[in-house]
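Below, each chain spelled out in residue letters.
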Amino acid sequence: MHLIKKQQEIANANFTSRLFVEGMAGTGKTTAAIERIKSLIKEGAAADSILVMTPQATLALPYRTALRRSRVKTAADVQMETLGSLAFHTVDLFWPLLAQDLGFKDRPHFLTLEMVQYYMTRLVEPEIRRQDYFNSVHISRNRLYTQIVDNLNKAALIGFPHDEIGERLKSAWLGDVEQAYIYDDAQASANLFREMCREYNMLDFSLQVDLFVNHLWKLKPVRAYLTAKYRHLIVDNVEEDTPATHDLLREWLPLCESAAILYDKEAGFRRFLGADPKNALLLKAVCDVTIDLDRGRVMSPDVEAFQVAIAPHLGEKDGQARPKDGNPRGAIVYPQDTRYQPQMIDWAVNHIASLVHDQGVSPREIVVLSAFMPDALRFSLQSRLDERNVPNRTHRPSRALREEPAARALLTLAKLAHPDWGMKPSKFDVTYALTASIGELDLVRARLLTDTLYRDGRLLPFERISEAQMQSRVTFELGARYERLRSWLDTYITTTSLPLDAFFSKLFGEVLSQPNFGFHKQFDAANAAANLIDSARQFRQTVGKIEPDVPAAPEYISMVDAGVIANLYVRDWQADKQDAVLIAPAYTFLLYNQPIDYQFWLNIGSTGWGQRLYQPLTQPYVMSRQWTLGDKWTDALEVVANQEVLYRVIAGLIRRCRKGIYLGYSEYGEQGMEQRGPLLMAVQNMLRRLTREEQHV
Amino acid sequence: MNLPDDFVFSQTSLQDYVDCARRFELRYLLRQRWPAPEVDDMLEFEARMDKGEQFHHLVHQHLAGIDGEVLLPRIGDEDVRRWFDVYLKSGLDGVPEMRRPETTITTVLNDTMLLAKFDLLAVKPGGRALIVDWKTSERMPSTERLAQRLQTIVYRYVLAASGEAFYGGQPIPPEQIEMVYWYADHEGATQRFPYDAAQYATDTAYLAGLIEEIASRPNFPLTPDVNRCRFCPYRSLCDRGVQAGRLDEWDDGADEIDLTAFTLDIDQIAEIEY
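Residue numbers (the numbering used here), protein chains in the order written: chain W, -12 to 684; chain U, 4 to 277.
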């Protein structure tokens, strides 16, 4: 591995110092830190005494992969944590030490986001309805609850009492009184949820962080345990982390043998999750050595020239010198006269296909980005790329498990197997479930079976089809399979009663995955079934401990039908292994933090670039340690903030690009509206200026 | 080479391979989930897993410095309380003072990573190095059977090959290494497996051969021992049966339960839509 001198200072020296390493994305900070870890191990440090801390788990992937591939003995034992995982492990281990002070009788129940959504619905929603909270807010219940939880998380991560959320938001608000009521409602809901957590011994993320940083970390034995266990700290992307992490590090750094704190300049993309780059910079004062990496190692000269050329048009005042051998036009490709979005998509797909098939570019070296990635755009891209035989994969923040055909079939079969729940599935769902469950059964035959044999919530035996002609239309072979499934369900109804997850598992194993049935050798269906079973099991185990009287199975099914449960991200754990073009929202790619050869930016005329999401219950700039209480959030501040975000996002994307950027634009957007967003304006202004400069020359 | 270059072997994956090459392929190379039951009585199976996890967690808490008297009254389950009481009385008898619970060591063998995760590693630099594995199973397998298990082979080998960071920077002489299985349900009875240079050499050759075989084989056949398939979730995928085996016939003294199979994904926080 060739390292420049400054990288060597990180990798091969300063083993008893605390380093603060700063530099733009792509200057080799992570590479140097990985080499530092290898050197520490070779110098005799126990690998498990080295802690790599990142704001989110995906940012530790380069470490995990590189250390495993290094073939350095024990290098794979280096520990990777986020503040959340560290808080969880520490609270789970040391909660008895808080039992007396905080009233824990038993091991607390750690809530996943899915379970938080459930308890919001179950415990807080009745009060929201009774009090008519949020009557002027028109967003889905799940998004509403997510923002209530987000406020609680921010209070814990920034470090202010959770009962000051509403006042803080109101004090900055300048508009109508209606919004102030919404903030009051958000506060009341947060208070109620927190009370319920206390009452039922439940710990959501915010409580775990609070217990960890404000209680356990203050206890001598806990601090001694952690500081003895982890003697060397590597903290990457500290600018994307929160004040809670920064406070922890400020006290931890003087106690460790060595540390390297890596800070990306001009980043802070996780601000909406509490990231605070300014606060992170304060850690420089607790470090012994500062190293500034200023030489980009990712961008080609042309790409770097593009980054420099566009910066002033995005409001960046500090003019950087353009590299002498770089030409901004050499880095970008853009279409001529594309009026409608489908034309832009075709343009992008043609270029991608050409890169892959004609120029031999590996699909994994291409990413397609948009400010947001709506389903329609994602689907259009995927189907067109499929047509051109270009492997592709998507990464969306969330995907509903209940929309998976295999999961839907299992849910319907569960209703059929539990008539006592009183949840008779619709004919449509039964037809769908039979098609998915019985091998080679098409929709027409499945519909025939349903119309003839589905009566009053139960499936009747195949022999009840009296007409021989109709039996032969279904075929006796398929009829026998139907009968095997039906009789299995019938036997279950009369003899067995299992928790839902166990029912799913037994049905999967004994029927659906057997030869001639719909899940046999169907790996995607098996993955969906496994995810559903995990979700149902986790629900049963948590609810069973917290409220043993609640009938977990029908409650789970109701919550799935209502879109509360099984509505979150399903981790596609093989996705990253594929050599495929990645389709993702821009933020997701930025937080993936891996450089790539070619980027396609779509809909650059959209106003979504640089605009923050609609979050009526919260406000990321006010819910920040950088916010001065008493100040007002004005339109002018909003404009400045959006401009800064746009610059940082665009600079961040370019710095993660090696060879070229394709700027996809159509005159009219998805909704048929003319597109004149700030990114498009910046690109056009830059091109005009370049033309003027070229004419001058 | 049919292994990804960041592949890490463990005693569980190697045991899977030895038991059934196809199971190894499905579980570790294809990473294919197949959620069929492993035993007929899933709830009892889960309850045993849960008790085992509780016991391991309590021991971890105790070794992290929490007084046993603080932990004992908070244990709800009778079996777990009894096991932990036995542990407090005799679990650490003769265990060197420098104790590292839940410790993972990875070594490199044949250009491949091999990992061992110890319940407890207790090493006295210059002196003994003890690996303790807490068992909560109802049955105690024979010494001969345990000696052949990959866990016994891999754990001692990995410590001898890569334990120097715990031994003042020097390799741990195999003669100083011992592995102890400690049985909570049998009043703290133990099965002990000392180590020596000859066994280390034998294990090195055996493990290297096994890894080489896996890395170079073109296909992964099903086990000829169909009896194993009764307790394998992939049985329907392989057309090897319908019903899961009976829990009371499952060999809980030898078969490993993966206690980390259903861990909380705390990092979901960054994966949601706002």
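Among these hints, one or two may not hold up.
Taking CB as the label site, the calculated pair distances span [claimed, not checked]:
#1 W:T482 <-> U:R148: 50 to 58 Å
#2 W:K216 <-> U:A211: 31 to 39 Å
#3 W:E114 <-> U:E252: 36 to 44 Å
#4 W:F2 <-> U:G212: 37 to 45 Å
#5 U:D9 <-> W:R282: 24 to 32 Å
#6 W:G90 <-> U:P128: 36 to 44 Å
#7 U:G212 <-> W:D407: 27 to 35 Å
#8 U:R220 <-> W:A272: 50 to 58 Å
#9 W:R375 <-> U:D8: 27 to 35 Å
#10 U:A211 <-> W:R185: 54 to 62 Å
#11 W:E654 <-> U:E56: 54 to 62 Å
For lysine-lysine, the following DSS-like pairs were computed, each having C-alpha atoms within a straight-line distance of at most 25 Å [what the hints assert, rightly or not]:
#12 W:K(-7) <-> W:K271
#13 W:K619 <-> W:K265
#14 U:K127 <-> U:K54
#15 U:K54 <-> W:K29
#16 U:K127 <-> W:K493
#17 U:K92 <-> U:K54
#18 W:K265 <-> W:K216
#19 U:K54 <-> W:K92
#20 W:K(-8) <-> W:K271
#21 W:K205 <-> W:K252
#22 W:K25 <-> U:K120
#23 W:K493 <-> U:K120
#24 W:K25 <-> W:K(-7)
#25 W:K25 <-> W:K265
#26 U:K92 <-> W:K29
#27 W:K646 <-> W:K311
#28 W:K532 <-> U:K120
#29 W:K(-7) <-> W:K493
#30 W:K205 <-> W:K157
#31 U:K127 <-> U:K92
#32 W:K252 <-> W:K265
#33 W:K271 <-> W:K205
#34 W:K532 <-> W:K252
#35 W:K271 <-> U:K92
Per the computed footprint, the stretches of chain W lying under chain U, defined by three or more beta-carbons under 8 Å from a beta-carbon of chain U, are [to be verified]:
#36 25 to 33
#37 61 to 73
#38 440 to 450
#39 495 to 503
#40 511 to 521
None of these hints come from the bench; they were simulated from the model. Everything numeric in this text was worked out from a predicted model, so none of it was measured. Ideal placement from N, C-alpha and C gives every residue a C-beta, glycine not left out.
Compare the structure with the hints numbered earlier in the document and write down the numbers of the violated ones, lowest to highest. 1, 3, 7, 14, 15, 16, 18, 21, 23, 25, 26, 28, 29, 30, 34, 35 and 38
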